[in-house]
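Chemist: What follows is the residue order along each chain.
2 protein chains.
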Amino acid sequence: MLSDSRFIRACRREPTDATPVWFMRQAGRYMPEYRAVREKYSMLDALRTPEIAHQITMQPINAFHLDAAIIFADILTPLIGMGIRLDFVKGEGPQIENPLRTTRDIDLLGTPPADETMPYTMDAIRLAVAELTPRNIPLIGFAGAPFTLASYAVEGGGSKNYEATKALMYTEPAAWRRLMEKLATVVGDYLVKQAEAGAAALQVFDSWVGALSPRDYAKFVAPYTKTVIEAAQKTGVPVIYFSTGTAGLLDQIAALGSDVVGIDWRVALNKAWAQIGDNRAIQGNLDPVLLLGSWREVRQQADQIIAQAAGRPGHIFNLGHGILPGTPVEMVQRLADYVHEKTARTETVSA
Amino acid sequence: MLSDSRFIRACRREPTDATPVWFMRQAGRYMPEYRAVREKYSMLDALRTPEIAHQITMQPINAFHLDAAIIFADILTPLIGMGIRLDFVKGEGPQIENPLRTTRDIDLLGTPPADETMPYTMDAIRLAVAELTPRNIPLIGFAGAPFTLASYAVEGGGSKNYEATKALMYTEPAAWRRLMEKLATVVGDYLVKQAEAGAAALQVFDSWVGALSPRDYAKFVAPYTKTVIEAAQKTGVPVIYFSTGTAGLLDQIAALGSDVVGIDWRVALNKAWAQIGDNRAIQGNLDPVLLLGSWREVRQQADQIIAQAAGRPGHIFNLGHGILPGTPVEMVQRLADYVHEKTARTETVSA
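Each protein sequence line maps, in turn, to chains A and B.
Be aware that the first sequence starts at 1, since it is given in our numbering, and climbs by one per residue.
Be aware that the second sequence starts at 1, since it is given in our numbering, and climbs by one per residue.
Hint data in this document are derived by calculation from the structure and do not stem from the laboratory.
For glycine and all other residues, C-beta sits at the position ideal for the given N, C-alpha and C.
Honestly, I wouldn't trust all of these hints.
[As the list claims (entries may be wrong)] Pairwise CB distance ranges, derived in the manner of DEER restraints:
1) B:83 to A:299: 32 to 38 angstroms
2) A:296 to B:252: 18 to 24 angstroms
3) B:90 to A:274: 35 to 41 angstroms
4) B:333 to A:161: 18 to 24 angstroms
5) A:157 to B:307: 33 to 39 angstroms
6) B:299 to A:83: 31 to 37 angstroms
7) A:135 to B:101: 40 to 46 angstroms
8) B:107 to A:17: 46 to 52 angstroms
9) B:83 to A:41: 43 to 49 angstroms
10) A:274 to B:257: 46 to 52 angstroms
11) A:87 to B:271: 40 to 46 angstroms
12) A:51 to B:99: 42 to 48 angstroms
13) B:90 to A:83: 35 to 41 angstroms
Model the full structure from these sequences, guided by the hints.
Modeler: The following block contains the structure:
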């Protein structure tokens, strides 16, 4: 039963025999198996071909002892069905051919159902779940949060200061709201469909929302994010809200009501948990750059995170962001095993 | 008397007739006067020519009602005298020809006195102070903090993940310590010399230290930053420690002991002040991107910041980072005047 898996139990703040571990971008360029597949398929082809997405999803599960899989997809695919022409340029990340420039561009965005625009991801989920369920490993579905998707759609790619995105918020608040409503509709539907296809948990990635002030987050972002989280929770699966650089937003993030809050390394896990409250699970928070360095430092930092979690139910060990391409495979293996060993709970067994 | 100026009084948490205002990068590309000078002089030439640096320093003081000037210089110039070959590439920012790659590179770095390597900045300070003091406007001197300087020296320029810098910390901790000690020596001496040349306050820019976890900050950075702040404070002028993205580090930042803590917009000013403590002044914290948008939003956010400061002595109004190049000059003017008007304290005057 998946509901009895370490990962799902931790999402529900139930005791586990050891702290569950998975890593963001656990299927990625640092793995030779992944690079081999990606030599043959572009990013878009890989994530649009269910058999390939399924294969990539399984790579880290077959290589390491991990407590959850995450479907191979991209946070930005919901934009494609809305009318945004997106490509992944080697070494430069996502690039958008027609970034949103006018309020008319926003009005022209569609909100078609995910079953029509992204059936490949639901198919990949079904394939992965069929293989994972007998092994009692839950599969995580995911999508980008409305703000993070809007930032790509407006900037046309990654950004340093989010000048165009914020300028839209500030100078065209009505158009911004229409954009966020459309994104919330599309993302909410997509997450629901992933759960229906078999995803046992759903993660909402708000990777760049840490660029905002508390006031802007409250005014321009939080209501739409809350809509998405509530839609996803209606499926009955636990929902994780992940962001980075948001140590100053944790009170508002807690109020969004996700089952699990994912944090980055820029805040101590115990302090973040105190702000989020005992009635939430927490996921994090080792700096992924540590994995490029020495095992000694990784171990010390992992020890500190485990000590800060203090054995309380509801901690999911993860990095504070995705695994970096230069990470040695052995480091990932070693960290997952170390966390399991270090947190193994000795239980009294009746003879 | 400068010590009776709004800005210096606020640094000392003494009551003022209105909240003092200055802006990071107040002399910059958004000003036509600045662009006119920079058409004739490269960045390095401009900051190495005392008359030009003085002229640029005065530009915003002559254009707006500001309560402090900041010497025109760059946070990175201390690296040049140490043996780092630095240039500013148009549109791309600072670039280093010989980034630190080996521990031997670190051992070869010199620590010559600032009077020998950067006499031009002390000369520019003397020129600016001669013009500013009769107008009772204090001049701020500044330098980059050891971590931020190290990150440029190791990465060779700006960075997203600081992978090389952190790898050096983690894998060569002894070399990292030697590097930070050298930087602390050079920066501390440079700040002292700026105060001796007439700077009435000193700001330490740790712009990128928000990339670190609380543990790494404590272990690899804070001791050296503290050394710099203490050296600067021995001159008797107030010291401001500025950083961004550090909402999770504020307890440690308070412990560094600077007179003023500069924060960015990613944390509410009242919450930050509560963490820093009442015995410190605070500087900030409007998102500079707001100035690219509508005055209505700027005013609302300024109102909120002023309300959060709650009239307590010790608030210096500033942005959370430097003014962006695309900022309309009128917006800067209007904001400075608005803060002064909004915070003007009605005082009982005996007849």
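Chemist: Just pull the numbers of the violated hints for me, sorted ascending.
Modeler: Violated hints: 3 and 10; rest satisfied.
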